[in-house]
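Got chain A; can you put chain B on it based on the hints?
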Amino acid sequence: MKKQNNFIKIIFIVFYFIFIIVSFIIDFQPGKQIGLNFKTFTIEMLKILPCAFILIGLFEVWVKKEKVEKHLGKDSGMMSYFWVILLAGTTVGGLYVAFPVAYTLFKKGAKLSVIFTYVGAAGICRIPMTIFEASFMGIKFTIIRLIVSIPLVIFSSILLGNYLEKKKYNLPLKSNL
Amino acid sequence: MFYYLLSITIVALIISFIFDKKKTIKAIQVSYKKFTNILPAFLIMLILVSIALFLVPDEVIMHYLGSKNNFFSVTLASIFGSITLMPGFIAYPLCGILLKKGVSYMALAAFTTTLMMVGVLSYPVEKEYFGAKVTIIRNLISFIISIIVAVTIGFFFGELI
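Top to bottom, those sequences are chains A and B.
Residue numbering for the first sequence is 1 to 177, as defined by this note's numbering.
Residue numbering for the second sequence is 1001 to 1161, as defined by this note's numbering.
Read the hints as simulated data drawn from the structure, not as lab findings.
Careful, some of the hints might be misleading.
[Unchecked claim] Calculated pairs, DSBU-like style, for lysine-lysine (alpha carbon to alpha carbon, straight line, at most 35 Å):
1) A/47 x B/1026
2) B/1133 x A/108
3) A/47 x B/1100
4) A/108 x A/168
5) B/1026 x A/70
6) A/39 x A/174
7) B/1022 x A/174
8) B/1022 x A/70
9) A/39 x B/1033
10) A/47 x B/1127
11) B/1127 x A/167
12) B/1021 x A/9
13) B/1021 x A/67
14) B/1100 x A/107
15) B/1023 x A/74
16) B/1127 x A/39
17) B/1033 x A/108
18) A/74 x A/174
19) B/1033 x A/64
20) A/67 x A/166
Only chain A is shown next, with the shape it has when bound in the complex:
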């Protein structure tokens, strides 16, 4: 099943690139536009991902599991949410950076509700983005958005985390991710 899935993915990727290349050769506008979109976003991500993954690697090697467990694990209190929101505030990029970070935290012993809070907060309160937002949308907009969304993110993460823990659900534990 997994193998067949990979096969479909490879076919899809190969077909996509053939389509883009042919579009450029025969000057097919929509295909060229899609190709340019791909280029823009790939460059955007390549600016962020290698650095993000190196930082994740350093974190994995240097930070002890007991430390993460103590502050973000099952027996940590409300402060754990504060810490991850702070961490989320300094995250760059977007959700796609937050996922590997959250996963690493989880493997180091952080509880589920804490990592969901992290992912949510990485979406809504990254500091550089928030400043940017306030300058375009006005400070009132930003403040209302933060006041409403942060508690909702924490609350829903606790609900989801507890629900999954009760069901003994575990994230797919892969050593190579």
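This is chain B only, laid out in the frame that chain A set:
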């Protein structure tokens, strides 16, 4: 922002290297392995994004968000926000323009919040880490939160009534 991240990474690497050479090399190996293992999922995501942005360009978003019907504009805004993926430095200037064109704060809140929290196109990546079930639940919850945020914004900016 790129230079800020790059300089932090370089400084962290240097400090790590001074303290422990072996650990630093190990860290780089770990990063490399993690990065290359998730790369295929990222490639799929980038392909989907490039197609989605072609199908739903900025002009289309501008056109539909301007609707006078709150329900209609918020619904469409949150759908656009969920399926597109846009860095903040593109999204907010766009929202600034839309605001001047008369689009409601409420629709823009729905658009930006779903943009930042809900990722339909990043599903291939998220699924690798969280599994399909959690990914779907998390995105649904985030979508609901975005709607609540939008309605509250609409209330405080007097757009609801």
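request  = List in ascending order the numbers of the hints, as given earlier, that are violated by the structure.
outcome  = 12 and 14
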